[in-house]
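Protein sequences, first through last, are from chains S and A.
With the first letter of the first sequence counted as 1, position 63 gets the number 63 in my numbering; the numbers rise by one all the way through.
Just remember that my numbering sits 1000 ahead of the position in the second sequence, which is counted from 1.
Worth flagging that the hints you see were computed from the coordinates, not collected in a lab.
As the structure is a prediction and not an experimental result, all values here were calculated from the model.
Here a beta-carbon is modelled for each residue, glycine too, at the ideal position from N, C-alpha and C.
Among the hints, erroneous ones may be present.
Capping the alpha-carbon separation at 25 Å, the derived lysine to aspartate or glutamate pairs in DMTMM-like fashion look like this [to be verified]: (1) S:239 <-> S:213; (2) S:165 <-> S:237; (3) S:239 <-> S:54; (4) S:23 <-> A:1168; (5) S:43 <-> A:1193; (6) S:49 <-> A:1043; (7) S:205 <-> S:216; (8) S:43 <-> A:1043; (9) S:71 <-> S:82; (10) S:205 <-> S:194; (11) S:23 <-> A:1063; (12) S:73 <-> S:87; (13) S:49 <-> S:63; (14) S:73 <-> S:89; (15) S:71 <-> A:1052; (16) S:239 <-> S:111; (17) S:165 <-> S:144; (18) S:23 <-> A:1043; (19) S:43 <-> S:54; (20) S:165 <-> S:87; (21) S:43 <-> S:63; (22) S:73 <-> S:63; (23) S:205 <-> S:188; (24) S:43 <-> A:1149.
Computed Cβ-Cβ distance ranges for the label pairs, DEER-style [stated by the list, open to error]: (25) S:44 <-> A:1123: 16 to 26 Å; (26) S:55 <-> A:1123: 40 to 50 Å; (27) A:1092 <-> S:5: 23 to 33 Å; (28) S:44 <-> A:1138: 33 to 43 Å.
These stretches of chain S come out as covered by chain A in the derived footprint (C-beta under 8 Å, 3 or more residues) [claimed, not checked]: (29) 11-17; (30) 23-35.
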Amino acid sequence: MEFDWTTFALEIINFLILVWILKRFLYRPVLDVIARRRAGVEKTLADAKRIEAEAGELRQRCECELAQWEKDKEAAQARLREELAMERERLMAGLEASIAEERERRRVLDERRQHDFQRAVEEQGIAQGAAFSARLLGRVATPELEARLYALLLEDLRSLRPEDKRAVAEAAAVPGLELRVQSAFALDEGRRAELARALAEATGKTLPVEYRENPDLLAGFHVAIGPWILHANLRDELKFFSGALRYAG
Amino acid sequence: MEAAAIWFHFGPFAITSVVVTTWGVMLALTLFCWLSTRHLTLDPGPLQTMLEGVVSAIEAAIDAVLPGRAQLLLPFIGTLWIYILISNLLGIIPGLHSPMGNLSVTSGLALLVFLSVHWFGVRSEGVRRYLRHYLSPSPILLPFHLISEVTRTAALAVRLFGNIMSLEMAALLVLLVAGLLAPVPLLMLHIVEATVQAYIFGMLALIYVAGAMQSQQNLEHNEEGDGNG
Chain S
1 MEFDWTTFAL
11 EIINFLILVW
21 ILKRFLYRPV
31 LDVIARRRAG
41 VEKTLADAKR
51 IEAEAGELRQ
61 RCECELAQWE
71 KDKEAAQARL
81 REELAMERER
91 LMAGLEASIA
101 EERERRRVLD
111 ERRQHDFQRA
121 VEEQGIAQGA
131 AFSARLLGRV
141 ATPELEARLY
151 ALLLEDLRSL
161 RPEDKRAVAE
171 AAAVPGLELR
181 VQSAFALDEG
191 RRAELARALA
201 EATGKTLPVE
211 YRENPDLLAG
221 FHVAIGPWIL
231 HANLRDELKF
241 FSGALRYAG
Chain A
1001 MEAAAIWFHF
1011 GPFAITSVVV
1021 TTWGVMLALT
1031 LFCWLSTRHL
1041 TLDPGPLQTM
1051 LEGVVSAIEA
1061 AIDAVLPGRA
1071 QLLLPFIGTL
1081 WIYILISNLL
1091 GIIPGLHSPM
1101 GNLSVTSGLA
1111 LLVFLSVHWF
1121 GVRSEGVRRY
1131 LRHYLSPSPI
1141 LLPFHLISEV
1151 TRTAALAVRL
1161 FGNIMSLEMA
1171 ALLVLLVAGL
1181 LAPVPLLMLH
1191 IVEATVQAYI
1201 FGMLALIYVA
1211 GAMQSQQNLE
1221 HNEEGDGNG
């Protein structure tokens, strides 16, 4: 065990140099990179915390907005329900009004249809009555009845009212006018001459007369003086009777 | 154990094989550290991970003893651990001897520890406050403090020197007596012993420095305890 002062001193110097070398080339670079990594990790952590805080804030804001949206939605729904109720009431009122109007229209229509039906029934009854009367009168239409109607025709011609006489005279004033007399049965010469005189008295002048038989008249006469017509037969009387009934109905 | 061989003379100074071995260790460490820390990245590879693990472990050990002062003590304590460990392990290589088997080397390191204790203590507490702890708890204990300073420094040097020297000698004796492969288990023990001795030297140095840096705090704490009592 030998102690060497030179080795002792050089060892001290060597160690101090080694301390500097390791500090320069080992500790400082390694500690620097560790510090940089730690700073990076801390920065990442700080960023993560910041992002977490921002996320929390965003979440809170979103929750507030959702709550506000929920309130708005409920208010909008309430408003919509109210508007729907009002619209339903309005539509129901309109519908009721239209139903009432339709009901009134249908009532009027039913009344009209009923009236028309009643009128049709009446007309049918009148027509049936007229047909029945015509058939009945046809069975009783005889030359005797026509003689009575002939007497009635003469009486009517002789008892014309003044205004009727003027009308007949105006009708007969047409130049070239020919009087037409229709009868259910044939007229003999005596009656034709007597009727011609009665017509001449009624018209105020002597005009040619055409005689013709028309069985449709049943019994009686149909005298045409231009546009002026004198009815004295059962067919026309039945027509007048039916028309009177319709008018009365 | 025979004296270290003198390789050459530099003026009046004889440069021994121990010094040359130390230079070799320094050169190897310098090259390794320079090459391995040239391109450190935030995404470390295996070598960088190993380096960061070593430095972080040393820093954590210092911080555990002296919280908050790891950056200050890391170069000195860390270099002690690394240098002594590598020097101790050199003894395993045939033809090389550990520099720690030389009392001049361990004495030099022990002297550096002795000086660094006072350097860091004065730097941390100031001269007056640092020197006060020699008078606590009673000025009567001043001689014992001074004896303690010398003896613990000597113990540091002799402990490391004795252990490493005895290890190499034991391995040599077993090799001479039992043959070529018989010392292998002893060499395995050498690895463990080298590691443990490096750890003990560095940890004791750390504890001494920590005691010096915390001496005033301990004194104030004791005075407060006496006042309360």
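Do the hints match the structure? See the list:
Proximity of residue 239 (chain S) to residue 213 (chain S) is assessed by CA-CA distance (about 19 Å); at most 25 Å being required, the pair is judged to hold. At most 25 Å may separate the alpha-carbon atoms for a hinted pair to count; residue 165 (chain S) and residue 237 (chain S) meet this at roughly 22 Å. At most 25 Å may separate the alpha-carbon atoms for a hinted pair to count; residue 239 (chain S) and residue 54 (chain S) exceed this at roughly 108 Å. As the CA atoms of residue 23 (chain S) and residue 1168 (chain A) are separated by approximately 31 Å, the hinted pair breaks the 25 Å bound.
With a C-alpha separation of about 44 Å, the suggested pair residue 43 (chain S) and residue 1193 (chain A) falls outside the 25 Å cut-off, and the hint is violated. Distance check on the hinted pair: residue 49 (chain S) and residue 1043 (chain A) sit about 23 Å apart at the alpha-carbon level, within 25 Å; holds. Distance hint between residue 205 (chain S) and residue 216 (chain S) is unfulfilled; the C-alpha atoms sit about 30 Å from each other, more than 25 Å. In summary, the hint linking residue 43 (chain S) to residue 1043 (chain A) is supported, as the alpha carbons are separated by about 16 Å, within the 25 Å threshold.
Between residue 71 (chain S) and residue 82 (chain S) the alpha-carbon distance is near 16 Å, which keeps this suggested pair within the 25 Å criterion. Distance restraint check for residue 205 (chain S) and residue 194 (chain S): the Cα-Cα separation of roughly 15 Å lies within the 25 Å cut-off, and the hinted pair is therefore satisfied. A distance of roughly 17 Å separates the Cα atoms of residue 23 (chain S) and residue 1063 (chain A); the hinted pair therefore holds under the 25 Å criterion. Restraint check for residue 73 (chain S) and residue 87 (chain S): satisfied, since their Cα atoms lie roughly 20 Å apart, inside the 25 Å limit.
Under the criterion of a C-alpha separation no larger than 25 Å, the hint pairing residue 49 (chain S) with residue 63 (chain S) is consistent with the structure, at around 20 Å. For a cut-off of 25 Å, the pair hint linking residue 73 (chain S) to residue 89 (chain S) stands: about 24 Å separates their Cα positions. In summary, the hint linking residue 71 (chain S) to residue 1052 (chain A) is not supported, as the alpha carbons are separated by about 59 Å, beyond the 25 Å threshold. At most 25 Å may separate the alpha-carbon atoms for a hinted pair to count; residue 239 (chain S) and residue 111 (chain S) exceed this at roughly 29 Å.
Among the hinted pairs, residue 165 (chain S) with residue 144 (chain S) is inconsistent with the structure: their alpha-carbon atoms are about 29 Å apart, more than 25 Å. A C-alpha spacing of about 22 Å is found between residue 23 (chain S) and residue 1043 (chain A), which places the hinted pair at or below 25 Å, so the restraint holds. Taken as a hint, the residue 43 (chain S) and residue 54 (chain S) pair is honoured in the structure, with Cα atoms around 16 Å apart against an allowance of 25 Å. Under the criterion of a C-alpha separation no larger than 25 Å, the hint pairing residue 165 (chain S) with residue 87 (chain S) is inconsistent with the structure, at around 76 Å.
Between residue 43 (chain S) and residue 63 (chain S), the direct Cα distance comes to roughly 29 Å. Violation of the 25 Å bound is thereby established for this hinted pair. Among the hinted pairs, residue 73 (chain S) with residue 63 (chain S) is consistent with the structure: their alpha-carbon atoms are about 15 Å apart, no more than 25 Å. Annotation: proposed proximity of residue 205 (chain S) to residue 188 (chain S) holds, straight-line Cα distance about 22 Å (limit 25 Å). Between residue 43 (chain S) and residue 1149 (chain A), the direct Cα distance comes to roughly 47 Å. Violation of the 25 Å bound is thereby established for this hinted pair.
Residue 44 (chain S) and residue 1123 (chain A) have their C-beta atoms about 37 Å apart, which leaves the hinted 16 to 26 Å range violated. Separated by about 49 Å at the C-beta atoms, residue 55 (chain S) and residue 1123 (chain A) satisfy the suggested range of 40 to 50 Å. A beta carbon spacing of about 29 Å between residue 1092 (chain A) and residue 5 (chain S) agrees with the range 23 to 33 Å that was offered as a hint. Between residue 44 (chain S) and residue 1138 (chain A) the Cβ separation comes to about 55 Å, which falls outside the hinted range of 33 to 43 Å.
Closer than 8 Å: that is the beta-carbon criterion, and the region 11-17 of chain S has 6 residues meeting it against chain A, so the requirement of 3 holds. Counting residues of the region 23-35 of chain S whose C-beta lies closer than 8 Å to any C-beta of chain A gives 10; at least three are required, and the coverage claim holds.
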